[in-house]
Structure formats: C-alpha cells, structure tokens
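Please work from the sequences and hints to get the whole structure.
Protein chains: 2
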Amino acid sequence: MKNQAIPKATAKRLPLYYRYLKVLLDSGKTKVSSTELSDAVKVDSATIRRDFSYFGELGKRGYGYDVESLLEFFSKTLSEDRLTNVALIGVGNLGNALLKYGFHQNNNIRISAAFDVREDLVGRIVDGIPVYPMSDMESQIKLQQIEIAILAIPASEAQDTANLLINAGIKGIMNFTPVRLTTPKHVQVQSVDLTNELQTLIYFLNHYTESEE
Amino acid sequence: MKNQAIPKATAKRLPLYYRYLKVLLDSGKTKVSSTELSDAVKVDSATIRRDFSYFGELGKRGYGYDVESLLEFFSKTLSEDRLTNVALIGVGNLGNALLKYGFHQNNNIRISAAFDVREDLVGRIVDGIPVYPMSDMESQIKLQQIEIAILAIPASEAQDTANLLINAGIKGIMNFTPVRLTTPKHVQVQSVDLTNELQTLIYFLNHYTESEE
Chain W
1 MKNQAIPKAT
11 AKRLPLYYRY
21 LKVLLDSGKT
31 KVSSTELSDA
41 VKVDSATIRR
51 DFSYFGELGK
61 RGYGYDVESL
71 LEFFSKTLSE
81 DRLTNVALIG
91 VGNLGNALLK
101 YGFHQNNNIR
111 ISAAFDVRED
121 LVGRIVDGIP
131 VYPMSDMESQ
141 IKLQQIEIAI
151 LAIPASEAQD
161 TANLLINAGI
171 KGIMNFTPVR
181 LTTPKHVQVQ
191 SVDLTNELQT
201 LIYFLNHYTE
211 SEE
Chain Z
1 MKNQAIPKAT
11 AKRLPLYYRY
21 LKVLLDSGKT
31 KVSSTELSDA
41 VKVDSATIRR
51 DFSYFGELGK
61 RGYGYDVESL
71 LEFFSKTLSE
81 DRLTNVALIG
91 VGNLGNALLK
101 YGFHQNNNIR
111 ISAAFDVRED
121 LVGRIVDGIP
131 VYPMSDMESQ
141 IKLQQIEIAI
151 LAIPASEAQD
161 TANLLINAGI
171 KGIMNFTPVR
181 LTTPKHVQVQ
191 SVDLTNELQT
201 LIYFLNHYTE
211 SEE
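Sequence order for the protein chains is W and Z.
The first sequence begins at 1 in the UniProt record's numbering and counts up one residue at a time.
The second sequence begins at 1 in the UniProt record's numbering and counts up one residue at a time.
Hints may be right or wrong, so weigh each one.
Which copy is meant is left open, because identical chains are indistinguishable; a pair holds if it fits in one copy or across any two.
What the hints assert, rightly or not - Think about it this way: if two alpha-carbon atoms lie no more than 25 Å apart in a straight line, the pair counts; the simulated DSS-like pairs of lysine-lysine are:
| # | residue 1 | residue 2 |
| --- | --- | --- |
| 1 | K42 | K185 |
| 2 | K171 | K42 |
| 3 | K12 | K185 |
| 4 | K22 | K100 |
| 5 | K42 | K29 |
| 6 | K12 | K42 |
| 7 | K76 | K171 |
In case anyone wonders, no lab produced these hints; they're calculated from the structure.
What follows is the structure, given as structure tokens:
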C-alpha cells in the first residue's frame, strides 16, 4: 500500500465516507449511490466518483456502490483493523477534554499514555489513562512504541517538546498549539488551530455572500 | 469589502500571517521578507507573494514588507478592530475546554453566552460566561444579536440544534460534532472533526513516505 498515488485531498475525505457508510450498514442498507453519499457528506457527487476511482472498481455504475465492500476496503485503507496507540502531551483543559473525547468509540484509536508537568496529576489514572511525568515521556514512548502524539501544551513549550517527541520515535503529531512546528520530512504534522478556524469563519461571514461558493 | 475575489485558500492563511506579524511587531521588527515569513508560518514564499498580491501594493520588492502596514491591513480585513460575540452550545468536556481556551486573549473574539441542558450548570457563571438553559437559546441569541455559534453537543442533537440556531439568526457555525450539517446557503459552517483529523494523520503515516509531498 506504500506510495500509492492518492491525492491528499482525497485522503482527507476517506474518514468521512467511512463514518457514513458505517451508519448505512448499521441501518441495514446494502447499496448507496454517489448522489445519496453526496447529500450525506456534503461533497459533490462528481468529486465522490473521482475519489472512488483511485481505489479501483468498487461499485457497478447504475446500481450504486456496495456498502459492505466499500467499508471493508476503507477499513483496510484507514488501518482501522489494527489498534493505533496515541500519546497525549498535556492534560490541561483541552487535553482533559481530548482524554474524554472517545476517539476509541468508533475507531481503533486509543490514547494509551498521557504526560503532564503538574504534580497533582502525575501518577494518577485519568479516565483509564495513566498520567506520566514529562521526564518519562521519551522512555515511555520508546517502550510503548507509540508513533503518534497529540500536542496540547502551552505554545512556549511546543517546539522543544516536539523535538523530544521526534527523538523518541514519534512520526505524526496532532498539533493543538498555534505554533507552526519545524519537523523533519518523515514527520507528519496535522494542525488544529481553533482560533484560526474561528477567525476564518468570521472572515468568511464578513466577506462572502450566498451568491459565492 | 464585500464580494472581493480572495480565494478561500488565501483567506484561510490570513490568521496565520496575522498572528506571526504581531509577534514580529512586539519584538520590534519593522520589515519582513516573504522568505522569513515562509520559514515562520511554513507556507512557501511563492504562495505568500501570491496571497499578498490579492491585497494590492503592501510592500516594496527587495526591501521586504512593512510589518506595521501589513498588520493594520490584516487587522481591518480580519475584523479584529471590532468585537465578535460568539455563543457556545454545549458545556460538556469539550465545551468547557473551549470556554477556558482564551480565544479573546489575542483576538477580539469573545464567547458571550453558553447554553446547556444540565440543570447543575444552568444559571451558573462559568469562567465569566453565563450558562443559559437550551430553552432560552433562540431568545438570547436574538437579544444579543449573536451571529456565530460553536456547536459542542452530542451528534444526535446537532442538526435540530443547528436549525434552531439558524432560525435565531446565526450565520456561522463552528461545528465540533461529526455530523455534516445541512444549512441554507447564507450560513457558513466550519467543521472541526477531531476523529477525522486523527484518522487522516494515521492514514498519511501509513501511506506517504518522506519522498512525497
């Protein structure tokens, strides 16, 4: 599966398709058309058909796509068939909410270790997850062979902590700090900057009218 | 400023530029080149120059861009010169973290009202923000003329609540539920699906190597 030429924009839509197809399967539906899928996930049907074309022949034209085959295929593609352990760095307000977020409920994603500087948190189990001191971060990540970390710490600590994480073997960082991290090429960073998202929304409201987009 | 032709991709980068330019100004810097800006915000300098070209003549070639002029321009563009009140719907784990997130610290964005179903929360002031019952949502949003809402409630309630919000005059929704909302054309939705982001990151790790992108 390495190096296949799926555009990033397509890759970003896969989890969306996957989630909706699971809903369909649970409700007993066996076929879905690109139009129905389009209505549900708010992606135009031409884009859906193009996206699906990257994955070979998954459905017959005119009959719609087979829900179970699609799900099986996406499940493999999204690695949902194996458990992914994730480290949470920072158990402040946002980190705490992420611990309780339930990534694991519909997905094989599990926060398996949390790290914080606060002495009243370290050594405790929060929502089933052990909280380690920051000084144990590198050793625990190596020991548990964790490759993905969620960064929910103050901006001032972000780059230094990212450097430690990468030294420990982390290959993907979900970055909740507003810092644009400098990382080696083999490390993927997915940034979720909440202020940025909100500012963008406000900007769009002020500058785009319904006639556009 | 209505209807000007700034591409959405450019608009999404404006808050990034803005935040970094404020850091520069605070540190006493008066000029910045597209290369320096590129290093800081991780956007290639050709893209930065193209982005800036949409805003007319903001800097002289060869001398770099004037930090203060850029900031003043972006500040107007991003409506940072006026306060934007936002409603928070749902004060659970994530909503509570968002209340404490400090959108207001560097921006004129303020959560001015929160809404929840829980009786132990309603009527209380949490982090300076009053929590109203859901039954007051429409009237309070109309009264306070709030145009933007953050949706941090269970998925099962998302569409119905969005409909009520839109009836009350909300024009922008920052959607933290995994539901793809159906909304009229004049309503902008910015979705932040944390599971989706994490799945995408895992997918990229498994399928893209450093030679790509």
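Here is how each hint holds up against the structure:
1. K42 to K185: between (33 Å within a copy, 13 Å between copies)
2. K171 to K42: Intra 31 Å, inter 18 Å, cutoff 25 Å: inter-copy only.
3. K12 to K185: So K12 and K185 pass the 25 Å test inside a copy (19 Å) and across (23 Å) alike.
4. K22 to K100: within (22 Å within a copy, 34 Å between copies)
5. K42 to K29: within (19 Å within a copy, 44 Å between copies)
6. K12 to K42: The answer is both: 14 Å in one copy and 20 Å across copies each meet 25 Å.
7. K76 to K171: within (20 Å within a copy, 39 Å between copies)
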